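Undergrad: The lines below spell out each chain.
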Amino acid sequence: MAAVFALLYGWFLFTASSNLIALPALYAAQGYAEFTPWVPLVLGVVAPPLLYAAALVLGGRRILSTRVLVFAAGLAATAATSLALYVFG
Amino acid sequence: MSPRDVDPPGGAYVDDSDDEALHWAGDDARGQAAPRLRDAGAASESALAAPEELPEADVARSPAERALLAGTVAFGLLYLALSIGWISSAQLLVYPSLDLLGEIMWQFGEFLAMVGPALWFAAALTLTPEGASRRGTKRMLGLLAGALVLLPWPALLFWIGSMQ
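Protein chains in written order, with our numbering: chain A, 1 to 89; chain B, 1 to 164.
Don't take every hint at face value.
Claimed, not checked - Covered by chain B, according to a simulated footprint, are these stretches of chain A (three or more residues, beta-carbon under 8 Å):
1. 17-26
2. 65-77
What the hints assert, rightly or not - A short list of chain A residues far from chain B (calculated; beta carbon distances all over 12 Å):
3. Leu8
4. Ala29
5. Gln30
6. Gly31
7. Gly59
If you're looking for bench data, these hints aren't it; they were derived computationally from the structure.
As the structure is a prediction and not an experimental result, all values here were calculated from the model.
Heads up, the beta-carbon is just placed ideally off N, CA and C, and yes, glycines get one too.
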């Protein structure tokens, strides 16, 4: 269960990491290096593992349904964060 | 004047000919001789008698519990607004690329964002059950953190922009 959710959280980490690697180069190539949105880019990479770890700790030794609910809430927050950061980026 | 107009007050009069209609085949074999609707009436009366104790439980609620309930309801309304904000955000956002997997995950992400407030609210309530230590503080902090994380920025920015 934790592994399945790790994959889903991992997708958001993967896309955020891709953006962090590719976007600054793209901005630089266009001559807008000073406008690179570093804060949303870095937050996008930090948020998924942070929320996953929080869900792992809070779910802890609780029953399965509670752990699934906590992981799902964290995943939803990860998705919402990535969409929010997209409009800032 | 028909016979029913002279029924004694209180509805005690029951036409015996109804009994036949209220019987099911096999009732006698199972020892259930009385008409079913009369039994059902008695059962619902006893069921109605039990909830009368609930108002007493409300009276016994401490001020802290009432504050927690009020806070939870207030956050519930806020989370409903957040959910509406994300539904609106999903209408505004368009996937910026062309790959299929990316688009599927983007739409999955939009769906997650829409149900996110409900999930976070349910998780916060589940993690702070009755009897948990510092239950109220933990729940309020959890709900406050969720409200900040789940702010529907795409819709908020759009609304702010359209007001200017």
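Undergrad: Does each hint fit the structure? Answer for all of them.
TA: Checked hints:
| no. | hint | in the structure |
| --- | --- | --- |
| 1 | 17-26 | violated (count 0) |
| 2 | 65-77 | holds (count 8) |
| 3 | Leu8 | violated (9 Å) |
| 4 | Ala29 | holds (18 Å) |
| 5 | Gln30 | holds (16 Å) |
| 6 | Gly31 | holds (21 Å) |
| 7 | Gly59 | violated (9 Å) |
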